[in-house]
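J.: Sequence:
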Amino acid sequence: MPSVDYFIADPYVLPDNAQDYYQETIWRLPQSYIAVNGFEIGTPSRRRDQLDIPDEAIVYLSSQTGLKRNPENVRLQLQILKAVPNSYFLIKSFRADQSLIETFFKEMADAEGVSVDRLRFLPDAPSELGHRANLQLADVVLDTYPYNGATTTLEALWVGLPIVTRVGQQFAARNSYTMLMNTGIHEGIAWNDAEYIEWGIRLGTDAALRQAIACRLWQSRRTAPLWDSQQFTREMEKAYEQMWMGDRVMME
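With this note's numbering applied, the sequence shown has no gaps in its numbers, which climb one by one up to 252 at the end.
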């Protein structure tokens, strides 16, 4: 866009060669292009037994709008489910998408040889606080690709959930990657389809690793750039000043 001079990024959310594809000047903040102060969490509106999921089961979660889903990514998710015994796939979407999403996943499961009895469809919670509380039904989040989660990734990390994400070349395919890096978590970052499946299986079968990641995510609340909006504000203000000074020099 000719009227836009700069595009805000960070060291992770755009690849090193991204400037070749942008008319705007990419301005990389030193740590993260985004920061929040965390989220309020309410009371869960669902329990595992209400969804007919055993307490000892491994629950994978995908909580995204329908437009972020595609057969290639769902096929990988179902291969993970197929490889992990006693695992279930908890799927949440917007209410308007629900019927189509259920049909889509059931057809995909049939095609991949996965019993539809291992799929669960989570209805809307009565509030955002309840929605975030319901995330704790899961053990592992399976991110979408090439359009990653954004708010959903932030929420999952805040409640301590490991995430499996596939990293691509464009901004939308690197959102979860930068959020993981900015909480100090490298586990679950996949650079190809095979790694996505490998991480999904490993996180589903290694309870000690899941617990370690959850502990590190809880600790990150005090120190990680992703949760430090004051530091982010200082870095953003400094960037604005440098942009303004640079533009002034160019005009003189």
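Hints were generated in silico from the structure; no laboratory data involved. Glycine residues also receive a C-beta, built at the ideal position from the N, C-alpha and C atoms. Wrong hints could be hidden among the right ones.
Claimed, not checked - DSSO-like mimics (lysine-lysine), calculated; alpha carbons at most 27 Å apart, straight line:
{"#": "1", "residue 1": "K106", "residue 2": "K82"}
{"#": "2", "residue 1": "K68", "residue 2": "K82"}
{"#": "3", "residue 1": "K106", "residue 2": "K68"}
To be verified - Quick list of the computed label-pair ranges, beta carbon to beta carbon:
{"#": "4", "residue 1": "D52", "residue 2": "Q211", "range": "24 to 30 Å"}
{"#": "5", "residue 1": "P126", "residue 2": "N70", "range": "25 to 31 Å"}
{"#": "6", "residue 1": "S127", "residue 2": "Q23", "range": "40 to 46 Å"}
{"#": "7", "residue 1": "P11", "residue 2": "P71", "range": "29 to 35 Å"}
{"#": "8", "residue 1": "T233", "residue 2": "E107", "range": "18 to 24 Å"}
{"#": "9", "residue 1": "P71", "residue 2": "Q230", "range": "27 to 33 Å"}
{"#": "10", "residue 1": "S99", "residue 2": "R28", "range": "39 to 45 Å"}
{"#": "11", "residue 1": "T43", "residue 2": "Q169", "range": "37 to 43 Å"}
{"#": "12", "residue 1": "S3", "residue 2": "S127", "range": "36 to 42 Å"}
{"#": "13", "residue 1": "W244", "residue 2": "Q23", "range": "39 to 45 Å"}
{"#": "14", "residue 1": "P54", "residue 2": "L209", "range": "19 to 25 Å"}
{"#": "15", "residue 1": "P54", "residue 2": "Q231", "range": "39 to 45 Å"}
J.: Taking the hints in turn, state whether each one holds.
T.: Evaluated hints:
1. K106 - K82: Holds. K106 to K82 sits at ~14 Å (cutoff 27 Å).
2. K68 - K82: Since the Cα atoms of K68 and K82 sit roughly 22 Å apart, the hinted pair holds (cutoff 27 Å).
3. K106 - K68: holds, 17 Å
4. D52 - Q211: 24 to 30 Å: holds, 25 Å
5. P126 - N70: 25 to 31 Å: holds, 30 Å
6. S127 - Q23: 40 to 46 Å: holds, 41 Å
7. P11 - P71: 29 to 35 Å: At roughly 32 Å between Cβ atoms, P71 and P11 fall inside 29 to 35 Å, so the hint holds.
8. T233 - E107: 18 to 24 Å: Check failed, 47 Å falls outside 18 to 24 Å.
9. P71 - Q230: 27 to 33 Å: Between P71 and Q230, where Cβ atoms are some 43 Å apart, the hint is violated.
10. S99 - R28: 39 to 45 Å: About 42 Å separates the Cβ atoms of S99 and R28, which means 39 to 45 Å holds.
11. T43 - Q169: 37 to 43 Å: Roughly 41 Å apart at Cβ, these two residues keep to the hinted range, so it holds.
12. S3 - S127: 36 to 42 Å: holds, 39 Å
13. W244 - Q23: 39 to 45 Å: 20 Å Cβ-Cβ, so the 39 to 45 Å window is violated.
14. P54 - L209: 19 to 25 Å: This hint holds: roughly 21 Å between Cβ atoms.
15. P54 - Q231: 39 to 45 Å: holds, 43 Å
In this structure, the earlier hints numbered 8, 9, 13 are contradicted, and the remaining ones agree with it.
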